[in-house]
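Engineer: Spelled out, the chains give:
There are 2 protein chains.
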Amino acid sequence: MSVITAVQTFDIRFPTSRELDGSDAMNPDPDYSAAYLIISTDAGDGLEGHGFVFTIGRGNEVEAAAIDALRPHILGRSVEELLDDMGASWKLLVHDSQLRWLGPEKGVMHMAIGAVVNALWDLKAKRAGLPLWELLAGLSPAEIVALVDFRYLSDALTPEEALEILQRAEPGRAERHARLLVEGYAGYTTTPGWLGYSDQKLARLAKEAVADGFTQIKLKVGASLQDDIRRVRAARQAVGPDIKIAVDANQRWDVQEAIEWMAHLAPYDIAWIEEPTSPDDILGHAAIARGVAPIPVASGEHVQNRVMFKQLLQAQSIEVLQLDAARVAGVNENIAILLLAAKFGVRVCPHAGGVGLCEAVQHLSMFDFIAVSGEKDDRMIEFVDHLHEHFVTPVDVHGGCYWPPSAPGAGAEMHRRTLASYRFPDGVTWSADSPGSATDLVREQALKEAPADA
Amino acid sequence: MSVITAVQTFDIRFPTSRELDGSDAMNPDPDYSAAYLIISTDAGDGLEGHGFVFTIGRGNEVEAAAIDALRPHILGRSVEELLDDMGASWKLLVHDSQLRWLGPEKGVMHMAIGAVVNALWDLKAKRAGLPLWELLAGLSPAEIVALVDFRYLSDALTPEEALEILQRAEPGRAERHARLLVEGYAGYTTTPGWLGYSDQKLARLAKEAVADGFTQIKLKVGASLQDDIRRVRAARQAVGPDIKIAVDANQRWDVQEAIEWMAHLAPYDIAWIEEPTSPDDILGHAAIARGVAPIPVASGEHVQNRVMFKQLLQAQSIEVLQLDAARVAGVNENIAILLLAAKFGVRVCPHAGGVGLCEAVQHLSMFDFIAVSGEKDDRMIEFVDHLHEHFVTPVDVHGGCYWPPSAPGAGAEMHRRTLASYRFPDGVTWSADSPGSATDLVREQALKEAPADA
Chain D
230 MSVITAVQTF DIRFPTSREL DGSDAMNPDP DYSAAYLIIS TDAGDGLEGH GFVFTIGRGN
290 EVEAAAIDAL RPHILGRSVE ELLDDMGASW KLLVHDSQLR WLGPEKGVMH MAIGAVVNAL
350 WDLKAKRAGL PLWELLAGLS PAEIVALVDF RYLSDALTPE EALEILQRAE PGRAERHARL
410 LVEGYAGYTT TPGWLGYSDQ KLARLAKEAV ADGFTQIKLK VGASLQDDIR RVRAARQAVG
470 PDIKIAVDAN QRWDVQEAIE WMAHLAPYDI AWIEEPTSPD DILGHAAIAR GVAPIPVASG
530 EHVQNRVMFK QLLQAQSIEV LQLDAARVAG VNENIAILLL AAKFGVRVCP HAGGVGLCEA
590 VQHLSMFDFI AVSGEKDDRM IEFVDHLHEH FVTPVDVHGG CYWPPSAPGA GAEMHRRTLA
650 SYRFPDGVTW SADSPGSATD LVREQALKEA PADA
Chain Y
230 MSVITAVQTF DIRFPTSREL DGSDAMNPDP DYSAAYLIIS TDAGDGLEGH GFVFTIGRGN
290 EVEAAAIDAL RPHILGRSVE ELLDDMGASW KLLVHDSQLR WLGPEKGVMH MAIGAVVNAL
350 WDLKAKRAGL PLWELLAGLS PAEIVALVDF RYLSDALTPE EALEILQRAE PGRAERHARL
410 LVEGYAGYTT TPGWLGYSDQ KLARLAKEAV ADGFTQIKLK VGASLQDDIR RVRAARQAVG
470 PDIKIAVDAN QRWDVQEAIE WMAHLAPYDI AWIEEPTSPD DILGHAAIAR GVAPIPVASG
530 EHVQNRVMFK QLLQAQSIEV LQLDAARVAG VNENIAILLL AAKFGVRVCP HAGGVGLCEA
590 VQHLSMFDFI AVSGEKDDRM IEFVDHLHEH FVTPVDVHGG CYWPPSAPGA GAEMHRRTLA
650 SYRFPDGVTW SADSPGSATD LVREQALKEA PADA
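Residue numbers (this note's numbering), protein chains in the order written: chain D, 230 to 683; chain Y, 230 to 683.
Read the hints as simulated data drawn from the structure, not as lab findings. The hints are all genuine.
Computed from the model, here is a short list of chain D residues facing chain Y with C-beta under 8 Å:
hint, residue
1, THR284
2, GLY288
3, GLU290
4, VAL291
5, LYS335
6, SER383
7, GLN485
Note that the structure is predicted; figures quoted are calculated from it, not measured. We put the beta carbon where it would ideally sit given N, CA and C, even for glycine.
Taking the hints into account, I'd like the entire structure generated from these sequences.
Structural biologist: Spelled out as structure tokens, the structure:
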């Protein structure tokens, strides 16, 4: 019997806006950030659970406050009780009747729950001595079903149907496990396509991506139609006809606008159009899907919970489901989403990038391949090649593939030196006299602190 | 020219769980709370802008942190610039590219924006010397349209259509203004129907409600079918056949469950079924609406933004739209929602109760009657008779009606003594050795503070 003795939170921010990495039509100057937590115990094994919410800068402190609000639910609790029934632990956090009011099951509070849930899974996997994907892929179908809250899902997926899906996949698990180790899991890269890059940089990075083995790249679009046509054409010229090019509008358009804009890009053979409009607009995505066919519509990185994913599938709004490791309430809810996708026969190509999202989400895709959908040939995980150096076990991506991690845990653990250097606003990265937006942010912070709360 | 000199935030909580006021199937023990703010200026007129997010206890501090995160956008800014173009001010807050990541436009961050927007409207109305409803009802149709962000709405409502709706209502404004002062605006009461009350208390309060002039009461349902049948029957016996009885499941059911449960309550002539399932489930509500017809489906108090309301209307999911003053991004977004309701011909019966929600939302209904829908005969505002004593200008509800407030402002200003006494955790209400959940909360707070953040 051991007990959770501390839940530490950290406001970690990287000054990515200085180089316009990550710029798109809605997010011109993100500072990739993490509201990060570490769960410690008195087990004496030195193992901790690490988890995070990914944000793009301002407001990261609000996420940290939301994680703090969950502390009373786990601090002082039995580690074994929490970890042995992760289905119950999920419900404990999600169904706090007072905290529910702040969503319910969406936005700041729900993402904070996701970080705590993922930190618990990290601890559980480390205690089992397994990478998360292998831990999950070793659970029985019934154990997996017990992790999922079917509330609000039963009109689309019952526990019995979920069990059937998992049982159907069970006989092939060992074979797929072996295949995964040999073949890896395909990735695609968004590195060339940020809106802030010149055409020359775009073309150069696109060629490098192909040389690195990627078979798909993705470009940000949506700010200017003429620019988009020029950039997509430049990318197509750079990579040739056999490489897939997806585009991502980051919620920029209304329904009719999306359909008209995409008509201009269609000649360049577009692999999918991602986030054409508000992630909340299920009916809008369905109308866009009809209007841009046969170009597939993709969405998910901002889809708030399983209830929204259920409807996106029911309404045939998306052909590509892009779950995110740090948007919904953690591993459990993403398992629900993987089961929904399997039920509706829709392929899952997770959102990643940011900071830590690649490290975290690969576990879900690998688990899905082995134990849920049994598919990977039509799927790929997003990859962006930055900020991996801050992780204890960074992703291994080469030859255009993610290679299965072998280190125990969920992959989200940052180096201690990163936590110290990038802590906002007192880490050396922010407190030093730094150029660009760092200064702006420090000024803002000062402004914020001036008239203290009453 | 004056400048915003301070934005103070307060974590205010009332120990309502001690009496089980406000108990329902999903919220057994709420402590009604407000993340409250005061905007001060150097204008020398003594006027302040007050606004709040309503929560039910835990997590109120997260909302306060979210309001703090918005401070840099308004502190030090010109008062006139912000107040003269409230459409632009709304966009400034909602479209902060980094803070958007925390929603987008939903949950903690969006509600905090609503509180700031409403505080700005409070200040604007006070400076105009008018109650908010009268200020809004005096704007031209073009001025009202300029308050609304039509992004993501244009497939259902264009600015031109909104202008037409408002222009159609313009000739009758003066006559309806006069009628409102004479007739008031109908209310209905939820006071009798909390789940924690005995049948005797329910029947007594129901009779009192009728004696007070209300023509509709509402009962919480969803915890136990047999209890619900017994309670609805008792209520029907108490009030007779001519008083409407609505029921509210507070998101308790899945789709099929809702349809089956309501079949058992249908014989008691149900005015509407409110929140039968997840507020996110547009398609689920549509299926329920078909399944329980002719009983109308109502929802809105947890509907996160205008994009969701748009779809609830497009999918014919609701017949009663229950907007809330403190869930979406304030007055501007609620005007968008009123325009959508007018376009689709759906009646608006706002959610209220909690703390301050009655005070705030009456302004929106009265404005709607005069300048938007022109209707009030089929509409009513929820009323719960508690915590009004904490407001400087509490609602005037008598004879079953809300009576138009005449004091300048948006109605949300609490007494200074309330802000002092109920501040959590250091106000006297919480710091004293109090009974019941107060103690629990203080204990939790202590637990929370024990292992300080790293």
